[in-house]
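The whole structure should be built from the sequences, with the hints applied where relevant.
2 protein chains.
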Amino acid sequence: MLTISIDLGGTYVKTGILHHGSILEHGRIKVKNNLDFDGLLPDITKEVNRLIEASGKSSTLLDGIAIAFPGLVDSDKMKVTMTHKYPTAVDFDFIAWAQDNWNANVALINDARMAGIGEWQAGAGEGARHMAMITLGTGIGSFAVVDGRRLRGNGYRAGNLFGHISLDINGEVCQCGNLGCAESLASSWSLPELVKKDDDLKPLVAEDDSIINFKWLFDLYRQKQPGAIRVAEYCMKVWGMLSINMIHTFDPQVLVLGGGILNSADVIVPFIKKLVVQYSWLNADEIEIEHAFLGEDASIVGGYYLLKEVLTNKKCLASGKLR
Amino acid sequence: MLTISIDLGGTYVKTGILHHGSILEHGRIKVKNNLDFDGLLPDITKEVNRLIEASGKSSTLLDGIAIAFPGLVDSDKMKVTMTHKYPTAVDFDFIAWAQDNWNANVALINDARMAGIGEWQAGAGEGARHMAMITLGTGIGSFAVVDGRRLRGNGYRAGNLFGHISLDINGEVCQCGNLGCAESLASSWSLPELVKKDDDLKPLVAEDDSIINFKWLFDLYRQKQPGAIRVAEYCMKVWGMLSINMIHTFDPQVLVLGGGILNSADVIVPFIKKLVVQYSWLNADEIEIEHAFLGEDASIVGGYYLLKEVLTNKKCLASGKLR
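Here the protein sequences line up with chains H and C, keeping their order.
Heads up, the first sequence is in our numbering, so the first residue is -15 and it goes up one at a time.
Heads up, the second sequence is in our numbering, so the first residue is -15 and it goes up one at a time.
Don't read these hints as lab results, they were simulated from the structure.
Check each hint, because a few of them may be wrong.
Put simply, identical chains are the same to the list, so a pair is met inside one copy or across any two.
[Stated by the list, open to error] In silico SDA-like cross-links for lysine to any residue, where the CA-CA straight-line distance does not exceed 25 Å:
id: 1; residue 1: K208; residue 2: W173
id: 2; residue 1: K69; residue 2: E270
id: 3; residue 1: K(-2); residue 2: F76
id: 4; residue 1: K221; residue 2: C160
id: 5; residue 1: K69; residue 2: Q262
id: 6; residue 1: K208; residue 2: N154
id: 7; residue 1: K41; residue 2: V294
id: 8; residue 1: K181; residue 2: N154
id: 9; residue 1: K16; residue 2: W200
id: 10; residue 1: K63; residue 2: L266
id: 11; residue 1: K298; residue 2: R133
id: 12; residue 1: K257; residue 2: V157
id: 13; residue 1: K221; residue 2: N197
id: 14; residue 1: K(-2); residue 2: K16
id: 15; residue 1: K221; residue 2: K258
id: 16; residue 1: K221; residue 2: E272
This is the structure in structure tokens:
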């Protein structure tokens, strides 16, 4: 089974080509303007062709392309239903695009879900009947498997919107319009405001605030900069309380923490574990809290398992189309 | 199929005997001391015998007894695993109790879940593939059906602990030890403190604070008492934000609001609907918000459907034991 995975981020598009789930070749495209999906599409098409060539396989062998999208997705119709990034991707016909270019199948899903599938099938949640995942990055994504099944819900939102759970009903309005959402309290997009409000950090970014990100913050935290300790501990409290809400909600065996911010997992994971023991209903031995095993590859690997499921459902296996 | 349902509340035990799901007779026992489960048990046993007699059926026809319990329950072993009310019920052998007394089967489940099953099978959520329910009373209970299945989770907690979702991570410690739980912000047990902190309400309860309950509060609200407006609107905001979190989490078609506080549904339901339209990601036409149809009978009816499921699983149907 030859498959391609494409993870549409806001800054980069990550790609990979896989043979029976093993990654043969990686790729990465810089996004110039995430409001211009039509302008990005030729680059993605070119990247798919490059990956096929690099794999040394014939393009006629390509079974499918899995696309992780930063927004809400109808994974039956393979259509984007709601997104702030790539707004012109709404209603784009991914099925026709893959069919016309490579006679290949397509699977479209929310990006946190595709990473979650990777971790569930071949990462920190492998073998779990109950798993939840939070991805901390520009925004906050989430994914849940309960009783052995990925949650879907009425509009493909179940388990997927934990970044927009209110953790502070007295808080300010989030970009999304809700009050005190987790990602409005602590995520890469909301970090600059936290930094600029802190008296100890403010002078460091007065000349150039483009240096602000969580890597920068956690480096200062390790140097015991007082403002960095304050802001980092506040953010970790937000993620810890979000983790507790996720645990109380979905009752997983394993809670997986992923996303770019977890590059500082050495600080973040122990902090969250401590909060969970302190405040949640569960004892430490009832819940594993793990940093994603697959790191950046979670969505690439997840795409393979997703396509396998989609193709199985299409009974392509039965008809002998799969290689 | 002749079944009995028992709903163990902190103040009353509600009971009913049903023939193929139709209630033949109701009952209610006053709880003298909810810390004394052993003292209550003979009263429950007597009540079961009374119900059978009142139904005009032979006790040999009794197929099963469904028990709704205010705490966490292992519904495979039919054991209570955690509870603040009735602590001595932990590890009580309900199976032996029903077997020895009436040669009947038993089903034990969390109380919000049993009410939720009633509403799902024969109430406001009938026919829904995706339903969530919040019960507002002494505490806050919850229940969720996603993709046509009741959520269970690793320790029977999935969908069941929404009363202990943090809605204010800067808030005070709840009775349960978590920070800013929904039920610590607004439920019958936390209402007296809200009332006594309000300058307009405080004088009304100075002599006798036992008059404080939500019926009293909403009666004053309808009379436009300024303190009652303030406290009631705060509580409704808590429940509205909890509803939004529940909708964002489980993505239901129908959100059912039940429990004793919903006796003031005429005020509460429209208020919550307004908040959901204002702050949630869903449009008004994507989600129904309903007051529980079955009212006080939700758990009684739910017990019948639960027993039916338990008995089917035991293949009693196949062996011809059911009548």
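Hint check:
no. : hint        : in the structure
1   : K208 - W173 : within (23 Å within a copy, 43 Å between copies)
2   : K69 - E270  : between (38 Å within a copy, 23 Å between copies)
3   : K(-2) - F76 : within (20 Å within a copy, 55 Å between copies)
4   : K221 - C160 : both (22 Å within a copy, 18 Å between copies)
5   : K69 - Q262  : between (37 Å within a copy, 22 Å between copies)
6   : K208 - N154 : between (31 Å within a copy, 24 Å between copies)
7   : K41 - V294  : within (22 Å within a copy, 53 Å between copies)
8   : K181 - N154 : both (19 Å within a copy, 18 Å between copies)
9   : K16 - W200  : within (23 Å within a copy, 60 Å between copies)
10  : K63 - L266  : between (39 Å within a copy, 18 Å between copies)
11  : K298 - R133 : both (19 Å within a copy, 24 Å between copies)
12  : K257 - V157 : between (29 Å within a copy, 18 Å between copies)
13  : K221 - N197 : within (18 Å within a copy, 34 Å between copies)
14  : K(-2) - K16 : within (14 Å within a copy, 64 Å between copies)
15  : K221 - K258 : within (10 Å within a copy, 31 Å between copies)
16  : K221 - E272 : within (18 Å within a copy, 34 Å between copies)
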